[in-house]
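Chains A and B supply the protein sequences, listed in that same order.
What the first sequence shows, in the working numbering, is residues 1 to 1116, in sequence order.
What the second sequence shows, in the working numbering, is residues 1 to 295, in sequence order.
Rather than coming from a laboratory, the hints here were simulated on the basis of the structure.
Be careful, since some hints might not be right.
What the hints assert, rightly or not - Pairs of lysine-lysine residues, derived as DSS-like cross-links and limited to a Cα-Cα distance of at most 30 Å, are as follows:
hint: 1; chain 1: A; residue 1: Lys1025; chain 2: A; residue 2: Lys77
hint: 2; chain 1: A; residue 1: Lys341; chain 2: B; residue 2: Lys31
hint: 3; chain 1: A; residue 1: Lys594; chain 2: B; residue 2: Lys230
hint: 4; chain 1: A; residue 1: Lys789; chain 2: A; residue 2: Lys1008
hint: 5; chain 1: A; residue 1: Lys925; chain 2: A; residue 2: Lys1008
hint: 6; chain 1: A; residue 1: Lys341; chain 2: B; residue 2: Lys216
hint: 7; chain 1: A; residue 1: Lys341; chain 2: B; residue 2: Lys59
hint: 8; chain 1: A; residue 1: Lys515; chain 2: A; residue 2: Lys550
To be verified - One side of the interface only, derived from the structure: several residues of chain A facing chain B at Cβ under 8 Å:
hint: 9; residue: Gly142
hint: 10; residue: Gly150
hint: 11; residue: Ala153
hint: 12; residue: Asp154
hint: 13; residue: Pro156
hint: 14; residue: Leu157
hint: 15; residue: Gln158
hint: 16; residue: Gly277
hint: 17; residue: Thr337
hint: 18; residue: Gln339
hint: 19; residue: Ser342
hint: 20; residue: Arg348
hint: 21; residue: Glu350
hint: 22; residue: Leu354
hint: 23; residue: Gln736
hint: 24; residue: Lys1047
Unchecked claim - Label-pair distances were calculated between CB atoms; the ranges are:
hint: 25; chain 1: A; residue 1: Lys550; chain 2: B; residue 2: Glu214; range: 19 to 25 Å
hint: 26; chain 1: B; residue 1: Pro80; chain 2: A; residue 2: Lys594; range: 27 to 33 Å
hint: 27; chain 1: A; residue 1: Phe147; chain 2: B; residue 2: Val141; range: 47 to 53 Å
hint: 28; chain 1: B; residue 1: Gln30; chain 2: A; residue 2: Asp592; range: 37 to 43 Å
hint: 29; chain 1: A; residue 1: Asp235; chain 2: B; residue 2: Lys2; range: 54 to 60 Å
hint: 30; chain 1: A; residue 1: Pro619; chain 2: B; residue 2: Gln15; range: 32 to 38 Å
hint: 31; chain 1: A; residue 1: Lys594; chain 2: B; residue 2: Ser211; range: 29 to 35 Å
hint: 32; chain 1: A; residue 1: Asp592; chain 2: B; residue 2: Val29; range: 56 to 62 Å
hint: 33; chain 1: B; residue 1: Glu214; chain 2: A; residue 2: Gly301; range: 29 to 35 Å
hint: 34; chain 1: A; residue 1: Lys462; chain 2: B; residue 2: Val141; range: 30 to 36 Å
hint: 35; chain 1: A; residue 1: Asp220; chain 2: B; residue 2: Glu214; range: 40 to 46 Å
The structure displayed is predicted, hence computed values, not measured ones.
Think of the CB as a built atom: it goes at the ideal place given N, C-alpha and C, for glycine as much as any other residue.
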Amino acid sequence: MPGELIRIITSEDPAVRDLSLDVFARRASLDQLLAECEQLDRFRRQSDNLYQRVRALFFLYAIHRFHLPTKPGVAAKGHVPFDGYNNLLTRRFEEAVETFLDVQKKDGPSDAICSALAAAYHDLAFQTLANQVRRSVRGVRGNQWMFRIGHPADQPLQIRPELLQRSAFDGSFPILAEKTPVRMDLTHSAWSDIFFLGMDFPEGARVLNVSIDLAVLGRDATPKPPVEAYLRVIDEPVLRLVSVDLAARADITSLPEVFDFARDYLGLLKAAVIASGIVPPGVEGSGQSLAALLGRVVGPGLGLEIVSSVNNIPKGSRLAVSTNLLGSLISACMRATGQAKSLTGPLREEERRLIAARAILGEWIGGSGGGWQDSGGVWPGMKLIAGSPAREGDPEFGVSRGRLLPTHKILGPEDASDAVRKHLQESLVLVHGGMAQNVGPILEMVTEKYLLRSEAEWDARKQAIGILESILGALKADDVKGIGAATTRNFFGPIQTIIPWASTYYTETLIARVKEKFAGDFWGFWMLGGMSGGGMGFIFEPTRKAEAQKFLAETMSAVKRDLQNALPFAMEPVVYDFAINPHGTFAGLLEDDKALLPPAYYAFMAPQWLRTDPRQLSPLRRAELDRLGAACREDTGLRGMVETLFDRLIPRARGEGSRGQNLRGMLDELGFDREQHEQIRTDLKGGRTGLAQNRLPANTVIEDVKPEDVVDLSDLQEFGQREPGQLKEWTLLGTQALKAGEVGVISLAAGAGSRWTQGAGVVKALHPFCKLGGRHRTFIEVHLAKSRKVGKAHGAPLPHVFATSYLTHEPIETFLAARDFYGYEGLLRLSQGKTVGLRMVPTERDLRFAWEELPQRMLDEQQQKVRESLHAALIGWARQAGEAGDYTDNLPSQCLHPVGHWFEVPNLLRNGVLAELLRERPALKHLMLHNIDTVGADVDPAMLGLHIARGSCLTFEVINRRIDDRGGGLARVNGKVRLVEGLAMPHEEQEFGLSYYNTMTTWIDIDKLLTAFGLDRESLSDAQKVSSAIRTAGAKMPTYITLKDVKKRWGHGQEDVFPVAQFEKLWGDMTALPEIDCGYVVVPRPRGQQLKDQAQLDGWLRDGSAAYVEGLCEWE
Amino acid sequence: MKVRKAVITAAARGQHALPLQTLVDRDGVQKSALKIILEEALSTGVETVCLVVTPGDQKSYATAAGDLAGRLHFVEQPSPLGYGHALYCARAYVGADPFLHLVSDHLYVSRGKVRCARQLVQMAEAQSCSVSAVQPTRENVLTYYGTVGGRRVPGQNHLYEVENVVEKPTPTEAEQSLIVPGLRAGHYLCFFGMHVLTPGVMELLGELVTSAREGKPVQLSPALAQLAGKERYLALEVQGLRYNIGVRYGLLSAQLALALDGDDREEILSQMVELLATRERSGNSIHEGHKGGHE
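For reference, chain A alone in the conformation it holds in the complex (with noise of 0.2 Å):
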C-alpha cells in the first residue's frame, strides 16, 4: 500500500497533488515519517517520471530538512560519516545517500545524519534536474546532429557565399552585423520561468516580456538595441574572437582552446561558436585541428572573426544581456552558415525558437545558466512566453509534463495597443541601481517552494498567475497606472511571500523615498528578473516621468552612499531611456567602405595596428585602416576616433602610482608589521608555512570528547526535567550577575564577511540581511535589540562592544552615528582593530594543495570544467605576478587582511577600550563574546551562571555537529580536552568523529583572563606591559596561512575572483593552553547557529530560527 506522500505525488487529482508535504509531516508521528521516507526513496529509484522522482526527492529532503530533527526520539547528537561526505563533495549523490541511510539504519535517526540525508537529497535533486535539461536540450531537433560531429570531414556547414564576397573596392569581405535588443519582464510571475516549473506546470508557466532598446539617460542620444554581434571572414586560418565591451581578443588556432571557457573573458562567444555548429560539441577532445575545420567551413586558408558589444549595459541589470548577447551571437553564426533562410533582415519563428534552444545549450556548455524566457530579446515586441505540454513525438512526451521550450505569442495591437506601447514608455522610469547579486540560489529556492507546495507560498503563485491576467487586461485597457498597481501588488504580495530575499533593504528604501515624493503620481513599483537592487522599474504620472528619472538618479546615488558598506554594489546606479523594439534580432550586411566593427572595436584593436611596421600589415588590414581613417572624417558616430587612438598610443601617465602611495599610507596608520610580514613571506617561500603546514603533526592523537567534558544543554526543557536544581541555581546565579551590572557583551564585527557576499567586501555587520520584527535589520541592529531586553529585564542596561578592524571601523562608527546608534540605551563602544597584514599572492603550492589535496566540492560536468581552466589560469596568474609577493594590484581595501580573532581581545587592552569599560562599569566581571553572525546568541541567565558556577576562565558553547559545520571542533587532542581549527586537523576525517563544533561564544572572567596575561585591572593603564603581555601571549598561538577570495572589479559590473593568501591567528586556539581554564557547554542549535552564507538564510527562517531570534530581541 503506498504511503500517504506518494499519494499525493502520483495523484492525477490537482487538488490531491497540489497538497503541501508540510501539514503532513507537522501532524505525523517520528515513525510515520520514518516509513514514509523509506518508501519515498524506494518510489524515486523506481519512478521513470522525471517530476515524480525529483518532488519525491525534495519531500525526503524537506523531512529531513525541516521535520524529523523536531520529533521526539531523534539523537540530538550523532555523527556524519566521512565516505558519505566525501560521496557529496564528489557528486555521487546516490551513494551519499547509502551510506547515511547505512548508518541511520544502524544508529537510528540523529540530527547529524538527518542533515547530511537532507544535503544529499537536496544535490540530487538538482541534479536530476540539471541533467534532464541538458537531455532535453541536447534531444531538441536541430540541436542532436551537432554531438554526433568528430571530425572535420564530418561538418556539413559552410559559409554563405554572400559573406565570401569579396568587394570590388578594396578587396574586404563584408560584415554581417546582428543586433538584438534585451528583455524585460513585465509580469515577473513568480520566477515562472525556471526550467522545471514550465516542464512540470506549464499552465502555470506564464510570462509578459518585452523586447526593449536601451539608452543611459545623459549618455546616450537615444535608445538603440544594446546587443550586438558581428561576423566576417579573414584571410588567416584562425577563430579571432573579440568582445569589446570586455577588451578582450584572443586568435584561436586550436579546438581545445575554444573549449576552454574561463582561459579569458570569452566564454560566451566561444559558447555560441559551439553550440551554432560552427565548432560542434562532439569536436570535443576529437584531437582535430581547428584550421581544417574551419577549412570546411570557410575555405582553406580563411577563418572567422566574431565581435561581441554591449553598449556598456552593466551586469546585473535584470534584462538578459548575457543571454541575448548570446541569442545575438548564435543567430549571426547560423544566418553565416545557412541554417537560417535569411541572412539579413529579422528571423522566422522556427528560426528564433533554435537560437532559444541553442542559447540554453550555449549556457550550459559554458557553465552558466537562465531562465526559458532570457532570450525573449530575439523575439519582437511584447510577447506572452508560455509553457507548452509536452505531446506524444517531443522527446519530453512521457518524461515530464511539459516541453523544455515554450511558445511565443506575440502581442498584436488587438492585445496592446500602440497607445499602451507608447503610455508605457512615457510613465516607466527603468533603472539599474547597482547591485550586482548571484540569483542562483534564488532560483533554487524557487524550485524547491514549488515542489513542496507550502500553502503560503503556493497560494502565493496562485496569486500571481493572476496578476499576470490583470496586467494582460490593463495592457488591453490602456491602463498604465493599473500596470503599476498590479507590478507593485506582486512585489509586496507573492514575490516575497515566495522568497523574501528578493527585496533588500536599498529596495525599499527607494521605494519609500519615491512614495513620499511623488505620493499619488507613484504608479507602482516593479522588480525585474530575479531579484530587486539592480533593474528595477518604477512607474509614474506621465508629466512627472522627467522629474522622476532625475529624482531616482538623485536618491539611488545618495542611498547607495549610505549603504555601501553594508550592501553588495557593483556600480554606480543609473537611469535608462528605453523604446520597445519591434523587429527583435535583426540583421544587415556592411559592405565596401561601410564594412567598419563598432568604433569601440577600433579603440581596442587598431592601437596594435598602427605599432606595427606597415609593411607587415595584411592587404585586408591596411585597407581596413583605409576605411577606418576614411570614415573618421566623415562619420559623426566616429567623432573623437582619431584622440583615442591617439591616448592608447601613448598611454598617459596620470593616476599612475597613487594606488600605490594610498595603500602604503594605509599599513602605516593601521599598524602593519613589516618585520613580521616579511618573516611570513620567507616563511612561505621555504615552505615553512603554507596550507600543509596549518596541520598538526600527522601523529597527533584526536579523539571525540567524553560526556563528562561537556555540560550538555542542547536540550534546556529535557535538562530542566532531569536536573531542576541545577538549572535553577545556574539562572539565578546568571540572574544576580546581570542585575549587579557584572555582564557585557563583545560582538565581533571585523569581517568583510567574504563568503557572505563571495568576496565583495562589504561590511558583514552593517548588512540588512533579513526582515525581523517588520523592517530589515542589520546584524548590529539584532545583537543590540538582545542586550536591550536583556538588559531591560534586569534592570541594568549591558555594556556592549563591537570589535572592529580597518575594514568596518570607520563605516559601522558613520552608519551608527547616521541611525543614532539605534537608540541604544547602555554604554556602547568600538573597539578599534590595530594590527592589519597585507595580503600576498599565493604561491602555486598553497593552490595545489587547497584545490588538489583537500577535499572540494566538485561541480555539475561542465562547470567543473570551466573550473579546471579557471584554476589553471589563476595558477598562471600566481606565477607571473610572483609568489609570495605582495599583493597590490586591487583597491587598498582589499589588499589589506585582518589578522583573526584572537587578536579581538588583546585589541581591547590595547586601545584601552577595556579599561575604559571598567572604569565606567566597576562591577563587570564577565563578558559573553560572540561572532557577528551568532545572531541567536544573548546573555541567557542559565548559561551565565553556569559560567560563573563553574569558574572557568573562559566557557565555550558548542553545538551538536550538522554536516554543514566544517572547520574543527571540540576534541582531546593526545587527551587534553581542546578545540582544534579545521585547518589544524591533520587528517579531514578526524572532523567527521567529533559531535561537537564551535560556535565562537565565550563566557569570559575578565580578571582569570587578565592574570592568564601577566596582567591586573591596574596595569591596564601601563600601555608598556599591555603591548610586552600581548606579544609574549601572540607567540604562544599558531599562525595558520589561508586563501581567501578577493573580487577585484572592474568596467561595468565585471569581476575577477583572485585567491590571496593571508595569515590568522585564532581564537578558539586559546583552549590550547594550559595556565588557562577552560569549560565547555552544548547549547541549543538556534543559539549557536551561525550565518556565514546568505543561500542559509531560507532554511533558517524555515525551521523556526528566525522567529527564535525574533523571540530575543526587543526593538525600541
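Start from chain A and add chain B according to the hints.
Coordinates of chain B only, in the frame set by chain A:
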C-alpha cells in the same frame, strides 16, 4: 501508367564533358559514360531519350552515344538558368506523358539483377505516380543533395510517402523537418539522381521559371516539394549504389565499381593486390595538385 520516355540533363556548365569520358563497362566493353547511362535508361523499357545539352554539344554527344544515337532527341538549354530550368527545356518532348529522368554525371551499380532504373520504373508503373529514387545518406554530405522527408508506406520496406523536399539542407533544417522514422540516426533520404515524374512537374517548373528573379537559377527540388503537396509522390530506396563521376576520384570509383561488379572482377582484384604489394607510398606528393572536389 507506362513510362516510354526519358530525359537526361547534361547541360551543367563546366561539367558537360563528364559523360563523354570512356570507361570499361561490366561486360568488359569500352564505352562512354553517356552510353552506360543510356543503357541504364533503355533497360527500363523506355523507347526514346531526350538529352538536354548546352548549345553546340549535340555532335559530340551523338558520337558518344554510338549505336544508340538513333533513339536520342536533343534539346538545348540556351543559357545556364539552373538544373530545374534544364529539365523544363524538355517540356515539349515530354508532352502529357510520365517520364524517367536521369542526371548525366551519375553511374549506377545495382545490388541485384534488376538495374536501378528498372526498379524505379517498375515501382512507378505499379503505383501510378511520381517516384524518386533515394538513398539513406549521412548528414555530413547533405549539402550536396536534394533531401526528402516523409514516412514509410505501411507494409512496404523501401517505399516512402514524400512530404517535404529541401535542396541541400543544413543538418539543422534536416533534423527539424526531414527526419524519416526508421532510418539510422543522422541519416536522411537523399536523391539518387533518378526520378520518374508525371508531366505535372513541368507545370510546376514552368511557374518557377516564370516567377524566378533575373539570373537566379531554378532548381528541381522546390518543384518537387510543391508536387508532394499536389499529388501522390513516393520515394524508393533503390537497391544499388550511385557513383558521382563529377567529384574528385569519382570516375575512378565508378570504374572500379563497374569492374568489380562485372566479368573482369578477378582480373581487377589481382591487379589491385599487385598494386598494393608493389607500390610504395611516396609521401604526400601523390595528393597534391588535386585540390577542388565537390564544389
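Taking the hints in turn, this is what the structure says about them:
1. Lys1025/A to Lys77/A: 45 Å, violated
2. Lys341/A to Lys31/B: Since the Cα atoms of Lys341/A and Lys31/B sit roughly 44 Å apart, the hinted pair is violated (cutoff 30 Å).
3. Lys594/A to Lys230/B: Given that 30 Å is the threshold and the Cα spacing comes to 46 Å, the pair is violated.
4. Lys789/A to Lys1008/A: Holds - the C-alpha atoms of Lys1008/A and Lys789/A are around 28 Å apart, at most 30 Å.
5. Lys925/A to Lys1008/A: 10 Å, holds
6. Lys341/A to Lys216/B: 16 Å, holds
7. Lys341/A to Lys59/B: Given that 30 Å is the threshold and the Cα spacing comes to 42 Å, the pair is violated.
8. Lys515/A to Lys550/A: 15 Å, holds
9. Gly142: 5 Å, holds
10. Gly150: 10 Å, violated
11. Ala153: Because about 7 Å separates Ala153/A from the closest Cβ in chain B, which is inside the 8 Å limit, the hint holds.
12. Asp154: 4 Å, holds
13. Pro156: 5 Å, holds
14. Leu157: Holds. Min distance 6 Å.
15. Gln158: 6 Å, holds
16. Gly277: Constraint on Gly277/A satisfied, holds at 7 Å.
17. Thr337: This hint holds: Thr337/A lies near chain B, its Cβ roughly 7 Å from the closest one there, short of 8 Å.
18. Gln339: 4 Å, holds
19. Ser342: Violated - the Cβ of Ser342/A stays beyond 8 Å from chain B, reaching only about 13 Å at its closest.
20. Arg348: 11 Å, violated
21. Glu350: 7 Å, holds
22. Leu354: 7 Å, holds
23. Gln736: Hint violated; Gln736/A Cβ to chain B Cβ min 81 Å, cut 8 Å.
24. Lys1047: 40 Å, violated
25. Lys550/A to Glu214/B: 19 to 25 Å: 57 Å, violated
26. Pro80/B to Lys594/A: 27 to 33 Å: 32 Å, holds
27. Phe147/A to Val141/B: 47 to 53 Å: Violated - the Cβ-Cβ distance for Phe147/A and Val141/B, about 18 Å, lies outside 47 to 53 Å.
28. Gln30/B to Asp592/A: 37 to 43 Å: Given about 54 Å between the Cβ atoms, the range is violated.
29. Asp235/A to Lys2/B: 54 to 60 Å: 58 Å, holds
30. Pro619/A to Gln15/B: 32 to 38 Å: 34 Å, holds
31. Lys594/A to Ser211/B: 29 to 35 Å: 31 Å, holds
32. Asp592/A to Val29/B: 56 to 62 Å: Holds - the Cβ-Cβ distance for Asp592/A and Val29/B, about 57 Å, lies within 56 to 62 Å.
33. Glu214/B to Gly301/A: 29 to 35 Å: At 33 Å between Cβs, range holds.
34. Lys462/A to Val141/B: 30 to 36 Å: Since the Cβ atoms of Lys462/A and Val141/B sit about 53 Å apart, the hinted range of 30 to 36 Å is violated.
35. Asp220/A to Glu214/B: 40 to 46 Å: Given about 42 Å between the Cβ atoms, the range holds.
Violation of the numbered hints given earlier is confined to hints 1, 2, 3, 7, 10, 19, 20, 23, 24, 25, 27, 28, 34; the remaining hints are satisfied by the structure.
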